[in-house]
Amino acid sequence: MNPESTPSRDRRMSEHKLPSRAEDFAEWYNQLVLRAELADYAPVRGCMIVRPYGWALWENIQQALDKRFKATGHVNAAFPLLIPRSFLEREKSHVEGFSPELAVVTVGGGKELEEPLVVRPTSETIIGHAYAKWIKSYRDLPVLINQWNSVVRWELRTKLFLRTLEFFWQEGHTAHATYTEAAAETRQMLDIYTDFAVNEAAIPVIPGRKSDSERFAGADETYSIEAMMGDGKALQAGTSHNLGQNFSKAFDIRYLDRHGELQYCWTTSWGLSTRFIGAIIMVHGDDKGLALPPRLAPIQAVIVPIYKTDEERASVFETAQRIREELVANDIRAKLDERDGLTPGFKFNDWEMRGVPLRVEVGPRDVANGTVALARRDKPGKEGKSFVKQEGLVALVRETLAQVQQSLHQRALAFREANTQEPQGYDEFKSAVERGFARARWCGSRECEAKIKEETKATTRCIPFDQTGDEGACIYCDKAARERVIFARAY
RNA sequence: CGGGGCGUAGCACAGCCUGGUAGUGCGCUCGGUUUGGGACCGAGAGGUCGGAGGUUCGAAUCCUCUCGCCCCGACCA
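The working numbering numbers the first residue of the first sequence as 1 and each following residue consecutively.
One thing to keep in mind: the hints can contain errors.
[Stated by the list, open to error] Straight-line Cα separation of at most 27 angstroms, DSSO-like style, residue types lysine-lysine; simulated pairs:
#1 Lys136 / Lys249
#2 Lys347 / Lys385
#3 Lys457 / Lys430
#4 Lys17 / Lys159
#5 Lys457 / Lys479
#6 Lys479 / Lys453
#7 Lys347 / Lys335
#8 Lys288 / Lys379
#9 Lys479 / Lys451
#10 Lys288 / Lys385
#11 Lys17 / Lys347
#12 Lys385 / Lys17
#13 Lys347 / Lys389
#14 Lys335 / Lys382
#15 Lys17 / Lys288
#16 Lys453 / Lys92
#17 Lys308 / Lys382
#18 Lys382 / Lys288
#19 Lys92 / Lys249
#20 Lys308 / Lys385
#21 Lys308 / Lys335
#22 Lys389 / Lys335
#23 Lys70 / Lys136
#24 Lys159 / Lys453
#25 Lys379 / Lys335
#26 Lys92 / Lys136
No wet-lab data here; the hints were simulated from the structure.
Could you build all of it, start to finish, from the sequences and the hints given here?
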């Protein structure tokens, strides 16, 4: 812009800037999480501090989900953090799945414990134990409990939000009288996650079934929603497990049916974690920073005052405060940026980096004319800026937020479509998973799945529910294959 | 656990090769001029140079050991 820009000025400018997504997606992500003040590193390797702005986002996610859980008859409770180690060992595949990543407490009150306690990696076992005590009769069923908590898994490679030693989530655990009911519950909760992802987070997802090798340790069937990130990689954004009678047999969760016969329960579990925040970042973010979906954004509209003199400041603030109060009174999460000594331009960039969907600029000219400038986060620069009357602003803000929500979803969907291919041969398959999803036939054998992973780093993400049903050849071995599967490199 | 890189102010780094006053930019504090797309000037605060041991009159710098972090590969929401 300024031909006299000095090298030192350019350097300073570049320090403000994030690395572009194209040049280094991983670094873009790391810096964005820190600079947007979503989270910070903790003193323990792999642990994360969720900062207030990140937690506010999580709270909005919690509310949107919790509302849906309650509407379908679930209730919240809290189960203990510490679990006797022997509990984990009762379900064979569950131990095998989790034992490498357990944190174990061996000392309590300065004394070696008789039985080591594990820090919960998930709560199937301790909840199973409780259910066994509580459930006696078919009249006690179904039991539909959820808990909001954190769990610990000793991961080797960690990344803020996506994979940390401790992470926050909700885990729902239900017990039913019949297989059919449990299966319906499992699918219902996946539908809820899908609805949440699409309508609250503006993230298009592919719901489907997991392959045997990707299934949860101890589940009969695992379902997931899979989303495409801005670099074409897949992220499992929510999961729902049909646990069959595996845990009820391991924990003796039985009930007397109406014929007076003792039956094992059918149980399910389902979870969505703070990893979802990583998905929001990587799906909607751009080179300017975060772009939060209005329905989940902690701040939906930020008001930036513009002034030179003290008199201007006073009149601008008066108007800006009035606007903020009107917005807040109408349930719009609005904030007035009262920071002195920062230029408007700095604040524009700052709030864009933090992903605020809508910005309201109020300056002396606006005070005089009864107008404001409205800027949309999804359309940078002049394109997304309009000058509007203060009168009727609340309705306009509401409408514009809905439009931003829509446009983020459409943009994400278009990106996914553009980067999803149906490869005809294995060569095409290989290039497809280089940049996105490959929807390809798979014969269902572990061998093909493993070979593909070895050769391309792509794994089966899920077997989508919508299938054409016609027969074709497996992308790898050419054997008969009915189903098309989503293959991708994954987080 | 294997491979690679790095530990110097809150952050990003220079200084180390060739031992001798710890430095630059950003950020922070104060004062002034600024403010419709990342302002500027001036003054200031801020350091056990990751830790321990050694060599030396003298170590951020040389030697030995150690701890930690980040990135890449085998497990995972």
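Quick rundown of the hints versus the structure:
In summary, the hint linking lysine 136 to lysine 249 is supported, as the alpha carbons are separated by about 15 angstroms, within the 27 angstroms threshold. Restraint check for lysine 347 and lysine 385: the C-alpha separation of about 15 angstroms stays at or below 27 angstroms, so the hint holds. Restraint check for lysine 457 and lysine 430: the C-alpha separation of about 10 angstroms stays at or below 27 angstroms, so the hint holds. Only pairs whose Cα atoms come within 27 angstroms are accepted, and lysine 17 paired with lysine 159 is accepted, the gap being roughly 21 angstroms.
Taking the CA atoms of lysine 457 and lysine 479, the gap is near 22 angstroms; set against the 27 angstroms cutoff, the hint holds. Using a Cα cut-off of 27 angstroms, the hinted pair lysine 479 and lysine 453 holds, with the two alpha carbons roughly 18 angstroms apart. With a C-alpha separation of about 13 angstroms, the suggested pair lysine 347 and lysine 335 falls inside the 27 angstroms cut-off, and the hint holds. Using a Cα cut-off of 27 angstroms, the hinted pair lysine 288 and lysine 379 holds, with the two alpha carbons roughly 11 angstroms apart.
The suggested pairing of lysine 479 with lysine 451 holds, with an alpha-carbon distance near 15 angstroms, which does not exceed 27 angstroms. In summary, the hint linking lysine 288 to lysine 385 is supported, as the alpha carbons are separated by about 16 angstroms, within the 27 angstroms threshold. Between the alpha carbons of lysine 17 and lysine 347 the distance comes to roughly 14 angstroms, so the proposed pair stays at or under 27 angstroms and holds. For a cut-off of 27 angstroms, the pair hint linking lysine 385 to lysine 17 stands: about 22 angstroms separates their Cα positions.
The hinted pair formed by lysine 347 and lysine 389 meets the criterion: a straight-line CA distance of about 22 angstroms does not exceed 27 angstroms. Proposed proximity of lysine 335 and lysine 382 is supported: the alpha carbons are some 22 angstroms apart, at most 27 angstroms. Of the pairs offered as hints, the one joining lysine 17 and lysine 288 holds, with about 8 angstroms between alpha carbons and a cut-off of 27 angstroms not exceeded. For the suggested pair lysine 453 and lysine 92, the alpha carbons sit about 26 angstroms apart, so the restraint of at most 27 angstroms is met.
Among the hinted pairs, lysine 308 with lysine 382 is consistent with the structure: their alpha-carbon atoms are about 23 angstroms apart, no more than 27 angstroms. In summary, the hint linking lysine 382 to lysine 288 is supported, as the alpha carbons are separated by about 15 angstroms, within the 27 angstroms threshold. Restraint check for lysine 92 and lysine 249: satisfied, since their Cα atoms lie roughly 11 angstroms apart, inside the 27 angstroms limit. This hinted pair checks out: lysine 308 and lysine 385 have alpha carbons roughly 22 angstroms apart, not beyond 27 angstroms.
Distance restraint check for lysine 308 and lysine 335: the Cα-Cα separation of roughly 21 angstroms lies within the 27 angstroms cut-off, and the hinted pair is therefore satisfied. At roughly 19 angstroms between alpha-carbon atoms, lysine 389 and lysine 335 fall within 27 angstroms of each other, so this suggested pair holds. Restraint check: the Cα-Cα separation between lysine 70 and lysine 136 comes to about 24 angstroms, which is no more than 27 angstroms; the hinted pair holds. Distance hint between lysine 159 and lysine 453 is fulfilled; the C-alpha atoms sit about 22 angstroms from each other, no more than 27 angstroms.
Using a Cα cut-off of 27 angstroms, the hinted pair lysine 379 and lysine 335 holds, with the two alpha carbons roughly 20 angstroms apart. A distance of roughly 25 angstroms separates the Cα atoms of lysine 92 and lysine 136; the hinted pair therefore holds under the 27 angstroms criterion.
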